[in-house]
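**Student:** Given the sequences, and given the hints that come with them, work out the whole structure.
Heads up: the sequence lines are chains U and A, in that order. All residue numbers for the first sequence refer to the numbering used here, where the first residue is 43 and numbers rise by one. All residue numbers for the second sequence refer to the numbering used here, where the first residue is 43 and numbers rise by one.
Just so you know, the hints here were simulated from the structure itself, not pulled from any lab data. Check the hints yourself; a few may be wrong.
Subject to a maximum C-alpha distance of 30 angstroms in a straight line, what follows is the list of computed BS3-like cross-link-like pairs (lysine-lysine) [claimed, not checked]:
id	chain 1	residue 1	chain 2	residue 2
1	A	LYS651	U	LYS589
2	U	LYS72	A	LYS717
3	U	LYS651	A	LYS344
4	A	LYS72	A	LYS58
5	U	LYS64	A	LYS344
6	A	LYS64	U	LYS64
7	U	LYS247	A	LYS72
8	U	LYS247	A	LYS471
9	U	LYS612	U	LYS587
10	A	LYS798	U	LYS589
11	A	LYS587	U	LYS650
12	U	LYS589	U	LYS650
13	U	LYS587	A	LYS247
14	A	LYS344	U	LYS72
15	U	LYS650	A	LYS471
16	A	LYS51	U	LYS589
17	A	LYS798	A	LYS471
18	U	LYS587	A	LYS589
19	A	LYS650	U	LYS247
20	A	LYS247	U	LYS612
21	U	LYS247	A	LYS64
22	U	LYS730	U	LYS717
23	U	LYS203	U	LYS587
24	A	LYS651	A	LYS587
25	U	LYS381	U	LYS203
26	A	LYS344	A	LYS247
27	U	LYS685	A	LYS64
28	A	LYS651	A	LYS589
29	U	LYS72	A	LYS114
30	A	LYS51	A	LYS587
31	A	LYS344	A	LYS72
32	A	LYS587	U	LYS72
33	U	LYS673	U	LYS799
34	U	LYS58	A	LYS51
35	U	LYS58	A	LYS798
36	U	LYS471	U	LYS673
Keep in mind it's a predicted model, so treat the numbers as computed, not measured.
2 protein chains.
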Amino acid sequence: MRTVGQSIKRVDAYEKVSGRAKFTDDLIPKHCLTAKVLHAPIASGIVASIDTSEAEALEGVVKVVTFRDVPKHTYPTPGHPWSVEPSHQDTADRRLLTGRIRYYGDDVAAVIAEDEVTASRALKLIRTEYEEYAPVLHPRDAMKGTIPPVHEEHPDNILAKSSYEIGHVDDALSQADAVLSESFRTPIVQHCHIEPPISYAYMEKDRIVVVCSTQIPHIVRRVIGQALGIPWGKVRVIKPYIGGGFGNKQEVLYEPLNAFLTASVGGRPVKLELSREETFTNTRTRHSIEYDLTAGVTKDGKILAKDMKAYSNQGAYASHGHAIAANGATAWRHLYDVKNIRADAYTVYTNAPVGGAMRGYGIPQFCFVSECLMDDLACKISMDPLKFRELNLYDGYFEDPVLTPLAANTNGVRECMRRGADYIHWEEKRSLYQNQSGNIRRGVGMALFSYKTGVWPISLEISGARLILNQDGSVQLQTGAAEIGQGSDTVFTQMAAEVLGLSPDDVHIQSFQDTDITPFDTGAYASRQTYISGTAVKECAELLKEKILTYARTLVAEEYRDQELSLYDKQILCGRKPVLSLEELAFHSYYSRTSSAAITSDVSRQIKKNTLAFGACFAEIEVDLKLAKIKILDIINVHDSGKIINPQLASMQVHGGMSMGIGYGLSEQMLLDEKTGRVLNGSLLDYKLPTMMDSPDLHLDFVELEDPTGPFGNKALGEPPAIPPAPAIRNAFLHATGIPVNEIPLSPQRVFEALKKADLI
Amino acid sequence: MRTVGQSIKRVDAYEKVSGRAKFTDDLIPKHCLTAKVLHAPIASGIVASIDTSEAEALEGVVKVVTFRDVPKHTYPTPGHPWSVEPSHQDTADRRLLTGRIRYYGDDVAAVIAEDEVTASRALKLIRTEYEEYAPVLHPRDAMKGTIPPVHEEHPDNILAKSSYEIGHVDDALSQADAVLSESFRTPIVQHCHIEPPISYAYMEKDRIVVVCSTQIPHIVRRVIGQALGIPWGKVRVIKPYIGGGFGNKQEVLYEPLNAFLTASVGGRPVKLELSREETFTNTRTRHSIEYDLTAGVTKDGKILAKDMKAYSNQGAYASHGHAIAANGATAWRHLYDVKNIRADAYTVYTNAPVGGAMRGYGIPQFCFVSECLMDDLACKISMDPLKFRELNLYDGYFEDPVLTPLAANTNGVRECMRRGADYIHWEEKRSLYQNQSGNIRRGVGMALFSYKTGVWPISLEISGARLILNQDGSVQLQTGAAEIGQGSDTVFTQMAAEVLGLSPDDVHIQSFQDTDITPFDTGAYASRQTYISGTAVKECAELLKEKILTYARTLVAEEYRDQELSLYDKQILCGRKPVLSLEELAFHSYYSRTSSAAITSDVSRQIKKNTLAFGACFAEIEVDLKLAKIKILDIINVHDSGKIINPQLASMQVHGGMSMGIGYGLSEQMLLDEKTGRVLNGSLLDYKLPTMMDSPDLHLDFVELEDPTGPFGNKALGEPPAIPPAPAIRNAFLHATGIPVNEIPLSPQRVFEALKKADLI
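**Tutor:** Laid out in structure tokens, this is it:
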């Protein structure tokens, strides 16, 4: 391969570095109105009365709408593919605005004004009275039942429950030499993308157009149609460059409300941008999940059985719902060869802010607890945790017992582990740090993970691409897949260039998605794009090549017509001999009076495959006991994501994910007031997102086994890097101090409490 | 047919009436720079010196470029399809800016500034000295040779000459009972579209994007590539709604300069909008053509032979060049069955403003002179002009002897003539107004014409369309053809709806063309779109329907799978029985986990057909001898344009064309100073464009013979309405006064001179 596997420069590098790339806010038309949302100051209750007359009377206010004005039906918001099967459709449990308040900040009304200041002033002039109920914030509390329930349809507040058992867990546990039961809890965290959710909406004829910062333009279109109860063809969604999403923009947040607002003012353009504080409270979070885990092992280190109970805090609305907790329950079956496995997962409504998709989709939570368990089990039988994992890992190929064709088509996890251990000098340091004393303690820890690539067979996988051959032999490439900063435009460019034998400079990718024009694709999530959308791009390029070569037969000299032709470096080749330039062929396709037709290819493909990616993280940390502070001395992620399409971009992806994983492990947590349900630290000042100053040097490596199902041997990479750092750090802390902490983040507060409890300070 | 043939409302009606439709100027980004062009104040000469230092020193000036800075190669500007055959390529005779001045106002330099006022001030600070040559303004003067010639490559100033003879003209003339020789001249007129030429240009990565008001986005892309000498794939052209073109925007005017300007300031956005005065002088005009015609007739009214010499005033640059004069020479072979025909046509460079494409493309000039000749011949043998035409018209089908397959596949001209004569009470009024006296004289006159549909086989015809089936069974339609106010978006919507059995409300057409995305089509000209692009739209819809029905077979009940299925009213029918809704099918195509793929069709078609449209105009006028003023009492155009797709839109098209034809006949003329070549009346104040107040009630009728080659039986209608009014009015004046005036416009000045010469005043 000439282009795939090369670190070509990002195709949007110049535009982004020079500030020329257009984001939603750069495109806002002149005379755009501004909308702002009135949020309830209680976590549970109802609006007893609302009076908008003063707000409406304010000069510059164009319209005030309340929960009384919006359509009465409910709609779903998550960025899942829809389905013809009702059982595969998402829970429709929200309206555009609500009089039944379900979390602190729920959306009651909206103001449209000529400018932002007026809109803000008008919000304050809306008079509301609330009837308040006691909020419930934790899933196991909520499961006991509340009056009223968060949603009437779910009296026990359980949105969904799933269970499975493979083998005979209880029997196996009874035969184990050692059994360990532990409880864990992961925090609510937020994505903290740079660009807050923003959209502007207007009407063209009788259609609504929404330009927005989203990962899933085609899904936004569908959900607006559902929310407003209008035919989906009456909606058009345009996605410019976006400033990050991390899953929060894999949800249809305020776009439907904005669509409703523009329609309510006759189609005048309306802008709706969330503040950072609203982004924390009113968008989505990574679910907090509580786990009870039990496992039984033999004394020589073989896991006989394991059992998981998971309680996922869904917050006030269904959003992605049970899929997050279920994803962990599925992963519970992978990676380690255990014959007896059981899982019970609950997703529970509470009055907390809403949990949704976030990079890793349940696996950062699951991996944290299961890799903690691995170290704790190893500890229990006094075995080196690496050796313990080696004894239990699947060797090579394995398949999921339930979800066909989900499998480890290639499995590089052992090699990832070997390289990570070598890098961190595992054996040496495990023994070196065995018996420490003094204020400074060091430790090394590790974690492994597996991760699906896309969502088949749980949900539909479908993608499309279109190519147009230009007069100069260059091509335009359109995909429905979304560039969200991860570099997908660059790797698609490489893929098309590879198949067509072109330089990437001759592939002009269209970065904007416009649902009226763009091939259908469900969007950027589930680490699916390089694998799923990449397959569509590859097939689209192959079809274009076939059309080019077919046309070439009509143009080349007689002697070459019946021979095999190929395309490379803008030349039609017969064997190695150039017999026609691509430019001349393209020129004929547009301008031959004998026979011309523009050469294009437009494909839409359902893709029924999946494959597991793997990886390992190794961390070396230093604990300052008196400061109760953890410092990362060294850290490495080693990934088996199959063939790497662009090593430079992939490295950046890993760096970003590792930072996120480190924040998850050490500092990030959205705190709620236990009494009111209010977010206590919903700003970038108070929420401890790691900055450049907090980040250690990040190291990484790739084990490049070519996956037979990936379009170029590739598999998931987008989300995985964020998964293993938190458990690796926790396990290093265990190594350094001997203390197993079962809740993250390992913030100074929590470390202090743990050290105190262990009498180390 | 359910939709084709109906007067549905324009699809852009609401957007345009409400002011919401976006034109280029509405889209100009914030912080856009403004460019202005320095025009030479002489008609022929060279720039002896140029000093831009003062202009460059002005605060707010970003850059000044002169003819010294632009690429040295020449490029062509007309909106013709390009060709792989050099003989079919247009004349490349201009640069972006020039030091050799060829007409008064030629482009010497350009200023880019932060704002318009600064740009204007800077223009005045550029110091220039010119060496002046004597300008030549008339073709027959120019053909004598000038020193230097207008272009060095053409020492005799003849850009092109074409000749043909069918039969033996001189022999036939010698056998005629009467021979008439006359000379004619048509004026230079201007299009007067509401929106002046405007563009803004910027760079994306290493590519240049130009958003502009054009009829031919894909051709603008190509010409920018040629003008700048860069690969055509590096150029992207976007066409929003445009405020009229009439052929002036079937030329690539200032877009290449603007592309050059943005590139010269590192890709910052630059706006270049022409003033009305620049639009008159520096864009294109309808050619003035001088004709010498001779014809011989028998005394019973049969034309034996006819001969034409045409001298077309090209002005300073080739533009569409000889194609305009040649188009008249071709039409000279049509309509009337004459066995001996000769034509010699010259297109001659002068120092006048440049002639280009304008609605009718040489036929308004040709039709004026040939239909004058018809009346004058009838007069000479004392025959009624209608009867004389009847005797000579082809009956039904005829074909062009040279340009296969150009033919009258259907020929309704006799029926057009009959209906027009009935309407105007021809026989009654011809005799009623026979012998008038007094100050007020009345007359009725007529004219016939034929008109090609598109440009095949002279040039390439190619078009494309793309359709996407939405989840709700509606479709998006993309065409490369350009809505320029003529209503093409509406008729394409009707065509797609017709084939797919949809309501037009369920066809969402994309009005913007974007050469990166839009199917390839050469644009709006030659009355080609409904016929050529319409064929692509029809085939695209048929392909979509076929794909829909193929997919339907996988979804309908077993018993219907092998039967013939059809699509109507959003239902899949077996016979007349609905067996599946289109919405359900569409839904499955997106969301079936069993088998889904978005259903689209994307076609590009070369179209090798042509057909002649016909029509007649009848006018009744009143001449006030003392005021030397003509008043139109009644006027009707009757068109044979085949099947009418949308009668209401077609009527509006005819109204617009008739107004243009009336202006051509009565008032419009661009006047040049004979000494300097300067345009004397280059503003809408001085140039006498008819206004609403000048326009009589306009009447029209359609003879709807279904053309077998038209996609829906249709043929050319866009340009024809402008063709026959001028000769009909002139012939009515002849009837009223007995005076044959062989030059238009019949302005009061010219009428006064004619009446004076004839001793009627």
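**Student:** Each hint should be assessed against the structure and marked as holding or not.
**Tutor:** Cross-check of the supplied hints:
no.	hint	in the structure
1	A:LYS651 x U:LYS589	25 angstroms, holds
2	U:LYS72 x A:LYS717	48 angstroms, violated
3	U:LYS651 x A:LYS344	79 angstroms, violated
4	A:LYS72 x A:LYS58	24 angstroms, holds
5	U:LYS64 x A:LYS344	70 angstroms, violated
6	A:LYS64 x U:LYS64	19 angstroms, holds
7	U:LYS247 x A:LYS72	26 angstroms, holds
8	U:LYS247 x A:LYS471	49 angstroms, violated
9	U:LYS612 x U:LYS587	11 angstroms, holds
10	A:LYS798 x U:LYS589	71 angstroms, violated
11	A:LYS587 x U:LYS650	27 angstroms, holds
12	U:LYS589 x U:LYS650	26 angstroms, holds
13	U:LYS587 x A:LYS247	26 angstroms, holds
14	A:LYS344 x U:LYS72	67 angstroms, violated
15	U:LYS650 x A:LYS471	79 angstroms, violated
16	A:LYS51 x U:LYS589	40 angstroms, violated
17	A:LYS798 x A:LYS471	26 angstroms, holds
18	U:LYS587 x A:LYS589	23 angstroms, holds
19	A:LYS650 x U:LYS247	36 angstroms, violated
20	A:LYS247 x U:LYS612	22 angstroms, holds
21	U:LYS247 x A:LYS64	12 angstroms, holds
22	U:LYS730 x U:LYS717	22 angstroms, holds
23	U:LYS203 x U:LYS587	49 angstroms, violated
24	A:LYS651 x A:LYS587	24 angstroms, holds
25	U:LYS381 x U:LYS203	23 angstroms, holds
26	A:LYS344 x A:LYS247	67 angstroms, violated
27	U:LYS685 x A:LYS64	46 angstroms, violated
28	A:LYS651 x A:LYS589	27 angstroms, holds
29	U:LYS72 x A:LYS114	40 angstroms, violated
30	A:LYS51 x A:LYS587	25 angstroms, holds
31	A:LYS344 x A:LYS72	67 angstroms, violated
32	A:LYS587 x U:LYS72	41 angstroms, violated
33	U:LYS673 x U:LYS799	21 angstroms, holds
34	U:LYS58 x A:LYS51	43 angstroms, violated
35	U:LYS58 x A:LYS798	73 angstroms, violated
36	U:LYS471 x U:LYS673	16 angstroms, holds
Checked against the numbered hints given earlier, this structure breaks hints 2, 3, 5, 8, 10, 14, 15, 16, 19, 23, 26, 27, 29, 31, 32, 34 and 35; the rest are met.
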